[in-house]
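Engineer: Please arrange chain C on chain E, whose structure you already have, making use of the hints.
Chain by chain, the residues run as shown.
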Amino acid sequence: MTRLPYVRPMQGWWRRNPYYVRYMLMETTSVIVGLYAGILLVGVWRLSQGQAAYEAWLAALRQPWAVALHGFMLLAMLYHAYTWWKVLPKTLPLIHVGGKPVPGLLLSAAGWTATLVISAAVYAAVRWWGL
Amino acid sequence: MKRSNAPIFWSLFGAGGVLSALLAPVLVYITGIGVPAGTGMPSDALAYPRVLAFAQNPGGKVILFAVIALFLWHAAHRIYHCLHDFGVHPGLPTKLLLYGSAFAGSVTAAVLLLKIGL
Chain E
1 MTRLPYVRPM
11 QGWWRRNPYY
21 VRYMLMETTS
31 VIVGLYAGIL
41 LVGVWRLSQG
51 QAAYEAWLAA
61 LRQPWAVALH
71 GFMLLAMLYH
81 AYTWWKVLPK
91 TLPLIHVGGK
101 PVPGLLLSAA
111 GWTATLVISA
121 AVYAAVRWWG
131 L
Chain C
1001 MKRSNAPIFW
1011 SLFGAGGVLS
1021 ALLAPVLVYI
1031 TGIGVPAGTG
1041 MPSDALAYPR
1051 VLAFAQNPGG
1061 KVILFAVIAL
1071 FLWHAAHRIY
1081 HCLHDFGVHP
1091 GLPTKLLLYG
1101 SAFAGSVTAA
1111 VLLLKIGL
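Taken in order, these protein sequences are the chains called E and C.
Every letter in the first sequence is one number past the one before it in our numbering, and letter 120, counting from 1, is 120.
Every letter in the second sequence is one number past the one before it in our numbering, and letter 66, counting from 1, is 1066.
Okay, chain E solo, but in the shape it has when bound (with noise of 0.2 Å):
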């Protein structure tokens, strides 16, 4: 006689610890970058069409739920660039300078800083330089 064999189940897994949620949280945001990859890909389409249609796109961004939409987006991404710097010790080879290991939080905190440095001379072009 054979039984069925036990398969333990799967379903809702991630809920049940708070790390797992937070790892679930980490790897929807890609759902966001693809969203707004959508956006930006229509705004580049609008923009071929001529200046009529570029603006509808802009105005189409200025509907109060476009703009909601937008500052969940911008939560997202910024959970996005946290979570990516915060794991990328754990995505590289070690690496080792004058024979001793480089810590992981040091290469976070790299990456953490690129984003504000960078933001912020995107953010300076943008507003007083013209792009």
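No wet-lab data here; the hints were simulated from the structure.
Here the structure is a predicted model, which means the values were calculated and not measured.
Ideal Cβ positions, reconstructed from N, Cα and C, are used throughout, including at glycine.
Just to be clear, a hint being listed does not mean it is correct.
Claimed, not checked - In silico contact screen, one side only, chain E against chain C (beta carbon under 7 Å); selected entries:
hint, residue
1, Leu47
2, Val87
3, Val122
4, Val126
What the hints assert, rightly or not - Sample of chain E residues facing chain C (criterion: CB under 7 Å; computed from the structure):
hint, residue
5, Ala37
6, Leu41
7, Thr113
Structural biologist: Relative to the frame of chain E, chain C by itself:
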């Protein structure tokens, strides 16, 4: 042994991850909040002549293409693997759909940027 295509997709995912970690927050703020809601940005920052000039500049084209294409490849790869974590076990059709969308989006972006001209 057949060589795996995984490193190619992982590289595109990684490149898109780095680029979006550096640029996505500030770009979403500028195009989605700062300019449309007029908070911290002049409302003409994304005016047609300015953005057209940017898209006509070869460097601007490269930036726009890199942002759109790499963001799409990053999303396609991560969504594909995330489906597995959610208990959906996607097969080849899903993979083709996701990576195919990223490919189609990249080609579309390149064609449109060439159409916009210099």
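Engineer: Next step is simple, just say for each hint if it's right about the structure.
Structural biologist: Against the structure, the hints:
| no. | hint | in the structure |
| --- | --- | --- |
| 1 | Leu47 | 6 Å, holds |
| 2 | Val87 | 10 Å, violated |
| 3 | Val122 | 5 Å, holds |
| 4 | Val126 | 5 Å, holds |
| 5 | Ala37 | 4 Å, holds |
| 6 | Leu41 | 5 Å, holds |
| 7 | Thr113 | 11 Å, violated |
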